[in-house]
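Single-letter residue listing:
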Amino acid sequence: MVTQYKCPNCGSDMAFDAESGKLSCPNCGRQDDIETFPEENILQEFDTEEAKEYHCENCGAVILTEANTTATHCSFCGAPVVLAERLSGEFAPAKVIPFTISKDEAVAAFKKWTRNGRLTPRGFMSGDRIKKMTGMYVPFWLYDIDGTAEVAAIGTRVRSYTRGDTIYTETDFYDVYRGIDLSYLKVPADASEKMDDELMDKLEPYDYSELKDFKMPYLAGYLAEKYDYDDEALFSRVESKIVPYIDSYIQSTIAGYSTVSYTNKQIQANKSKVYYTLFPVWMVYYDFENKEHTFAMNGQTGKVVGKPPISSGKVAAWFAGIAVSGFVVLKGISYAMGGVLW
Amino acid sequence: MVNRLNWKAPFLFLVLCLAVFAGSTAVFAADSHIYDNAGLLTESEIGELEALAEEHSEKHGADFLFLTTTTTNGQPVMTYMGDFFDEWADENNQENAVLLTIDMGSREVYLAGFGTAETKLDNNRVQQVLDRIMPYMGAGDYGGAFRETVLTASRYMEFRPGANPESIFHKLWFQLGVPLLIAAAVVGSMVMNAGGRITTTARTYVDGTNTRVRSQQDRFRNKTVSRRRVPKNNGGGGGFGGGGGMTGGGRSFSGGGRSF
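Chains A and L, in that order, are what the protein sequence lines are.
Take any residue in the first sequence, note its place counting from 1, add 1, and you have its number in the working numbering.
Take any residue in the second sequence, note its place counting from 1, add 6, and you have its number in the working numbering.
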């Protein structure tokens with residue numbers, strides 16, 4: 002089943018516009034709210050069989066997709082199409098954060114980011130070799146997590162004082178117990194196999210106040226994927242993500258001791274709710290010195306992540322600059338304190 | 007031929023004058039710095055230390071003197087030293103000196119600074135020099151003690167009066183090491199963060215209303231007490247005569263002494 006959004010004015014294919022948050026027509030400029038877009042303008046072609054081949058409604062060309070793709074463009078006429086059946090049933094997303102950064106803004110933000118790279122080679126900094134820029138909705142699982150932690154520890158308080166010519170060191174030992182209720186909301190983990198986990202983690206955080214109930218038109222004009230891993234499979238990854246959070250919370254509840262050694266720590270974390278959610282990501286493919294570098298940009302906040310090339314000359318220059326100026330400053334302090342310069 | 011010599015003669019005279027003048031500044035620093043009445047040093051040691059004292063005396067315009075004795079004739083070592091210096095100063099027409107006195111009779115050592123050295127080697131610096139030479143005194147290496155005195159006092163006298171020459175800010179390893187560490191840390195974090203930083207924290211996803219301590223207990227269990235004596239930092243016996251004083255001849259000095 003292929004879905005296209007036809008402009009009620011002129012019949013062109015409409016796409017989601019990140020700046021206004023509406024469906025907009027590239028031809029006549031008409032904009033429609035996603036909530037109120039007239040049903041009759043949603044053009045859907047039902048396949049009679051479970052064919053894995055989709056045809057563009059405009060030109061009839063075969064839409065070539067990977068098995069996970071849920072939204073793409075017709076490779077022949079460029080019309081935005083959404084593959085609805087890959088977004089239904091168990092693959093129906095619950096929530097979506099729409100793009101708020103348009104392609105032009107993304108290009109500008111990326112160029113600005115390359116200029117800020119203090120260690121990147123000069124040629125890289127111009128930011129003018131963007132090979133391809135793809136707006137993509139990446140599937141994430143958001144977990145609401147309930148849990149408990151039971152912690153037993155021995156804490157010490159050390160005090161020392163001098164009486165006469167003897168130094169007394171008093172160490173008080175305490176049995177410390179904490180029973181803790183834990184709750185974390187909407188902890189994300191990316192569910193797409195081809196997205197680098199580390200890269201996706203660095204894109205966080207997203208602003209959840211713009212989390213919307215999922216509607217298909219948000220995808221029009223972008224690429225979208227469906228998940229490769231279900232919520233069960235990814236839960237261990239989320240667990241490993243929140244354990245450090247829990248540890249630091251536990252630590253914050255045991256205050257006022259000189260040392261704390263844990264004798265027993267039991268953490269239980271269960272997912273109470275999961276939301277299948279699509280997050281907006283601009284993928285930037287950048288050519289530099291015959292190598293393609295891939296960067297990802299948070300399509301909501303503009304944060305850029307990815308490994309840029311590092312210029313060893315610049316690293317050396319920074320290191321030498323800081324070390325030498327630090328030496329000069331310390332020499333100056335020494336001189337000001339009555340020392341000699343050489 | 008004769009003419010030429012005549013022409014050269016005044017020039018030679020001038021060179022001679024210059025040599026005498028240069029010599030006179032050297033003479034201004036005394037020709038003898040070691041007065042080893044107790045016979046603690048060997049001939050070769052005396053020669054070596056004399057040369058060292060000479061070199062540093064010229065550098066500061068103050069003589070580095072070494073006096074040893076087996077007896078002070080019942081006088082305190084400060085008085086004995088003061089009398090010696092009054093005599094020496096009049097003889098050599100030199101008021102600026104650093105004088106290290108060792109009395110083998112009472113096993114005491116006294117370090118004093120006269121004239122310009124009274125401010126350049128003030129009481130605090132005298133104590134710092136003494137700290138450094140006491141290990142030599144304990145080991146019986148009296149020549150080593152004087153060598154250390156000359157080198158350390160000479161180095162201290164480069165610093166402005168009042169400054170603490172042993173401050174960590176004057177150490178080269180500190181001045182080099184700290185900027186290198188800072189540079190490594192800064193550049194290291196720049197490299198690490200070039201690909202984007204993780205900006206989520208433990209508080210990003212926490213549900214503040216439902217994350218709480220349900221029950222808690224901090225129960226006193228037991229207590230241990232350990233005792234140790236206040237450490238004393240006097241490796242080489244007691245100190246005396248700190249703060250300097252005045253010689254019988256009315257010369258004021260900075261100084262300090264220790265027993266060994």
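In short, the hints are calculated from the structure, not lab data.
Treat the hints with care, as some may be off.
Below are the DSS-like pairs computed for lysine-lysine, each with C-alpha atoms no more than 27 angstroms apart in a straight line [stated by the list, open to error]: (1) A:Lys242 with A:Lys104; (2) A:Lys266 with L:Lys229; (3) A:Lys216 with A:Lys308; (4) A:Lys332 with L:Lys177; (5) A:Lys315 with A:Lys242; (6) A:Lys195 with A:Lys315; (7) A:Lys332 with A:Lys203; (8) A:Lys104 with A:Lys274; (9) L:Lys229 with A:Lys332.
Here are a few chain A residues that sit away from chain L, every Cβ distance over 12 angstroms (derived from the structure) [stated by the list, open to error]: (10) Cys60; (11) Thr163; (12) Lys187; (13) Ser253; (14) Lys304; (15) Ala324; (16) Phe328.
For every residue, glycine included, the Cβ atom is placed at its ideal position computed from N, Cα and C.
**OP:** List, from low to high, the hint numbers that the structure doesn't satisfy.
**Re:** Numbers 1, 3, 5, 6, 7, 8, 9, 11, 12, 13, 14, 15 and 16 - these are the hints that the structure violates, sorted from lowest upward.
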